[in-house]
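Novice: Going by the working numbering, the sequence shown opens with residue 46, and the numbers climb by one from there.
Hints listed in this document are in silico derivations from the structure and should not be mistaken for laboratory results.
Computed from a predicted structure; not experimentally measured.
Just so you know, even glycine gets a beta-carbon here, dropped at the ideal spot from N, CA and C.
Do not take every clue at face value.
[Said to hold, decoys possible] In silico DSS-like cross-links for lysine-lysine, where the CA-CA straight-line distance does not exceed 27 Å:
1) K150 x K98
2) K150 x K186
3) K150 x K279
4) K101 x K150
5) K186 x K279
6) K279 x K101
7) K279 x K98
[To be verified] Here are the in silico distance ranges between beta carbons for each label pair:
8) F189 x Q254: 16 to 24 Å
9) Y302 x V200: 29 to 37 Å
10) T235 x V165: 30 to 38 Å
11) F148 x D104: 16 to 24 Å
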Amino acid sequence: MEIRNTLLTAIALSLLPSAAVAEHSKEVQDMSDPLAVYTQVGGSYGTNGVNLKLGKTLDTGSATDMSMILFEVKSMFGEHTKDDGSSAMNPDMANDGISELRFRKFDVDMTNGRGISMDVIHNFDTNSGTASIGMIQALPKVGFWQAFPIIAAGVQYNDGSMRSTDGESTGLHSDFAFASFTLYNKFQLTDTVWANYNPVYTQAIFGDQLYTDNLRGSDGLTHEFVLSWQMTPKQNFRLWYNTTQNNFSDGDFRLEYNQQF
Numbered sequence: 046m047e048i049r050n051t052l053l054t055a056i057a058l059s060l061l062p063s064a065a066v067a068e069h070s071k072e073v074q075d076m077s078d079p080l081a082v083y084t085q086v087g088g089s090y091g092t093n094g095v096n097l098k099l100g101k102t103l104d105t106g107s108a109t110d111m112s113m114i115l116f117e118v119k120s121m122f123g124e125h126t127k128d129d130g131s132s133a134m135n136p137d138m139a140n141d142g143i144s145e146l147r148f149r150k151f152d153v154d155m156t157n158g159r160g161i162s163m164d165v166i167h168n169f170d171t172n173s174g175t176a177s178i179g180m181i182q183a184l185p186k187v188g189f190w191q192a193f194p195i196i197a198a199g200v201q202y203n204d205g206s207m208r209s210t211d212g213e214s215t216g217l218h219s220d221f222a223f224a225s226f227t228l229y230n231k232f233q234l235t236d237t238v239w240a241n242y243n244p245v246y247t248q249a250i251f252g253d254q255l256y257t258d259n260l261r262g263s264d265g266l267t268h269e270f271v272l273s274w275q276m277t278p279k280q281n282f283r284l285w286y287n288t289t290q291n292n293f294s295d296g297d298f299r300l301e302y303n304q305q306f
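Construct all of the structure, not just a fragment, from the sequences and the given hints.
Specialist: In structure tokens form, the structure reads like this:
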């Protein structure tokens, strides 16, 4: 169930002529900033298989509003990346096909350091997915640490095949509606190295009792750890570890490469 530029930049931009603003859009963006918007490609390899990512900036016609769309293809060749499955958190779902597609549209208001994200994730292994909308807010930096709280709400859906006696699709169903809170923490260790710790709590609000009973308390808490190295202003490597609260030592690793254009 599984975001970027600063207020000072926005103020400076508002004082520049339009030609200078157009030039700024071509500048290299800070890839460590979760509110940065830029055209990009990325790929990763790990216990979930191979993942590919493509992001494209959109022309908003505004010097202070930025927007992009992001496509991700996840968990290809997962059956061959771990002995007990494509994911330690989902070991029975291992296969060599595409397990998941993700589409996100992300908009940032540079005047207040706030971003809005529309996010759709579809899982082919379970014929289900989530659709949500969330908001991220940049908080003031304290030393080498900066926090970006994220609140989101959405629904999980499925095609009904999991409940039919013959395994055939019976039409679109909604399992439950949920709310989530993420505290995205960035720790700038050096000029080119930073770390993240991002706890995510998800609570089922209403819907199927199977999910509302099981997605409560510690069952709804997951953890994400990231260590990143900015190799060049437009290239970085990121090492990820994702795990659940109740199975902390058995999570998913992946090494990711990203290129900004």
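Novice: Taking the hints in turn, state whether each one holds.
Specialist: Checked hints:
1. K150 x K98: Given pair K150, K98 holds - Cα atoms ~13 Å apart, limit 27 Å.
2. K150 x K186: The hint holds at about 26 Å.
3. K150 x K279: holds, 22 Å
4. K101 x K150: holds, 10 Å
5. K186 x K279: holds, 23 Å
6. K279 x K101: holds, 15 Å
7. K279 x K98: holds, 15 Å
8. F189 x Q254: 16 to 24 Å: violated, 45 Å
9. Y302 x V200: 29 to 37 Å: Given a distance of about 33 Å, which is inside 29 to 37 Å, the answer is holds.
10. T235 x V165: 30 to 38 Å: holds, 36 Å
11. F148 x D104: 16 to 24 Å: holds, 19 Å
Checked against the numbered hints given earlier, the structure breaks only hint 8 and satisfies all the rest.
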